[in-house]
Amino acid sequence: MSSVTAPASRAVSTDRAAADIWKPKKRFNWGFYVRHGVLITMCLWVLLPIAWVFLLSFKSLQDGAQRYIWPNNFIDPLYTHYEFVLTKPRIVGPVWVNFQNSVYVTLMTVVAATVVSVLAGYALVHLRTPGQRVILAVLVASLFFPTQVTAIIGIFSIQQRLGLINKTWSLMLPYTALSVAISIFIMRGVFQTVPKDLIDSAKIDGATSLRTLLGIVLPIVRNGVVVVIIVNFVAAWGEYLLALTLMNDASKRTLPVFLGSAAGGVGGLLWPRMAALYIVAIIPALVTFAIAQRWYMKGLQEGALKG
Amino acid sequence: MAEAVASSSTSVESKPIKGSRSPAVQTLLAFVKTYPYLLPAIFFFVGWQILPIYQALHISFTDDKFLDNQAPNWIGLQNYRDLMSDSLFWTGLRRALTFTVIFVPGMIFIPMVAAILIDRVTHAKVATVYRIILLIPAMIPAPLIFVLWLWMYNNYIGPINYLLVDVFSIYDLQTQPQWLNNPNLIYFSIAFMEWWWGLGYHTMFFLAGLATIPRDLFDAARVDGAGEWRMFWGITIWRLLPIILVLTVIRFGSAMAVITEYIIMGGYDRTKNTYTWTVYMYDTAFGGGMQFRGYAAAIGWMGALFMLMVVAVMFYLFRSRD
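Protein chains in written order, with my numbering: chain W, 1 to 307; chain X, 1 to 322.
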């Protein structure tokens, strides 16, 4: 990245070398300030709403119900609202149950989607797959079909026939299916960066295709796997409509359904307490991202975005 | 996509597997060896995507009412005939289309600008910080995004109207913008939220596209005296065009099918502009009343067919003319 403008500035500076003797003062670099000005504005646009909720979670209850942004009084001690939402049984009960459901479903979805897309991506790129074109065509077509909306009636009737309504774990079936096409395309893009020779030589050494995948190829594409994990984590952790539709029983639902329906305040939950609950709810995803972002960025660069 | 498909289907294929087996046997062998890898994908994809879509098609030809506990009757195309004269469906389609027209250009343009600017940041660490910050909203679960912006747009405690009314005095309490209640504003309000949400993710696509442009092109252009503006219109935009077109088609698809946003931010009010064909379908199938699944499935399929037609037209218009 650092080599991007270096040659250009050198070219310009040789042109100006003579002139610089007379005008040693550096020209005001408009491009630099405009560029960073716009980018910082965008970053503020992204950060300020989250910062506002964060601030709200520390306001006193009176100030939390007011319009002004900066409160007259912060709650004392500062963690009061967090303590409240994390210990009051009236809130903790349902939240804890729904949170556990979310963790449970999300983990199963992520594991299933990763295994599925790694195996399928590998087969589509490095194994001889009869009917490959048909498979890819169907997968591409599915990306342009409004599956989430059109299929939901069908998903309900299938889950009902299988007796899976109100079985929380069963959400992982449609969740995995919804992102399976995109996950396979991500893994396919990453597997295409692995040289064929490597796989052929492993084959000559007598390794089975599964050994080759697990022992040689998988370590190379691990950044791409991180991308698949994050994509599926975010999708499953935040899915609302299916969880709302397939789970009638409040105790079987996931956290997003609870929080989505609690938007206007649940059981007289006051704004600052809602805000504290909100921050608690987004922390798991943000921490996951903070830990994984290095591999995630690398994975994206390595070809995950090619699909 | 088509060329990528064609190019990747070779290599192993070209080598005869063992000795001189007939091509049919070889195909069979490859089938037996490869399909175990594809089986899990097929299980999920067929079971919870293909089958439900087919199931919805099947239901759409019946008069299935979920709550009447009677076996549905096959009524052929009756639901579709009724839909033709159902003004609520066409209004819903028009509403979704209006939102899409407002949403898609911004969702392409803003991230493209961000990507071009980040691409020019020479300091690698600073560029990474920008990327990470812009990606933060992409990590927040969808319903929490909507809840956050419900607060932002709120009339009583929302910071946006606080700034407009109390700080800058552009409006007063009576005239303050009703972001989610004014039918002319609501599409923009939701689109603005979606841009916020998708900014980082889409920027990554454009950055990946920009990374493939050879740097010498810009250097040569600079030597020829081209300014930033000329270079953008002469080089960058053409190199990014494939990404722009793909994102346009994909975002058209997701914008037409938006549903959770409308349900959380607008509810099930038929007169509201958030009551699109998707909400109409969901409300008919799972809302109050008898839950007319048959009719709802027909709504879903008609909407899907309409979208596929538009996508087909887009593919035709955007086809590679090289």
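Calculated from the structure, these hints are not laboratory results. Note that the structure is predicted; figures quoted are calculated from it, not measured. Any given hint could turn out to be false.
Claimed, not checked - Selected chain X positions facing chain W (in silico; Cβ < 7 angstroms):
| no. | residue |
| --- | --- |
| 1 | L38 |
| 2 | A114 |
| 3 | P137 |
As the list claims (entries may be wrong) - In silico lysine-lysine, DSBU-like type, Cα no more than 30 angstroms apart, as pairs:
| no. | chain 1 | residue 1 | chain 2 | residue 2 |
| --- | --- | --- | --- | --- |
| 4 | X | K125 | W | K252 |
| 5 | W | K298 | X | K125 |
| 6 | X | K125 | W | K167 |
Claimed, not checked - In silico negatives: residues of chain X with every beta carbon more than 12 angstroms from chain W:
| no. | residue |
| --- | --- |
| 7 | V32 |
| 8 | K33 |
| 9 | T34 |
| 10 | D64 |
| 11 | Q70 |
| 12 | Q78 |
| 13 | S87 |
| 14 | D119 |
| 15 | R131 |
| 16 | I170 |
| 17 | M193 |
| 18 | W233 |
| 19 | R270 |
| 20 | R293 |
| 21 | L308 |
By construction, the Cβ of each residue, glycine as well, lies at the ideal position given by its N, Cα and C atoms.
So, going through the hints one by one against the coordinates:
1. L38: L38 (chain X) check passes; min Cβ-Cβ to chain W is 5 angstroms, inside 7 angstroms.
2. A114: A114 (chain X) check passes; min Cβ-Cβ to chain W is 6 angstroms, inside 7 angstroms.
3. P137: holds (6 angstroms)
4. X:K125 x W:K252: violated (44 angstroms)
5. W:K298 x X:K125: holds (14 angstroms)
6. X:K125 x W:K167: violated (46 angstroms)
7. V32: V32 (chain X) not clear of chain W: closest Cβ-Cβ about 10 angstroms, inside 12 angstroms.
8. K33: violated (7 angstroms)
9. T34: At roughly 5 angstroms from the nearest Cβ of chain W, T34 (chain X) sits no farther out than 12 angstroms, so the non-interface label is violated.
10. D64: D64 (chain X) is in fact no farther than 12 angstroms from some Cβ atom of chain W, at 9 angstroms.
11. Q70: The claim holds: Q70 (chain X) sits with its nearest Cβ about 15 angstroms from chain W, beyond 12 angstroms.
12. Q78: At roughly 17 angstroms from the nearest Cβ of chain W, Q78 (chain X) sits farther out than 12 angstroms, so the non-interface label holds.
13. S87: holds (20 angstroms)
14. D119: With a cut-off of 12 angstroms, D119 (chain X) comes too close to chain W, as the shortest Cβ separation is near 7 angstroms.
15. R131: violated (7 angstroms)
16. I170: holds (15 angstroms)
17. M193: violated (9 angstroms)
18. W233: holds (17 angstroms)
19. R270: Check passes; 18 angstroms lies beyond 12 angstroms.
20. R293: Non-interface label fails for R293 (chain X): nearest chain W Cβ at 6 angstroms, not farther than 12 angstroms.
21. L308: Incorrect as stated: the minimum Cβ-Cβ distance to chain W is 7 angstroms, not above 12 angstroms.
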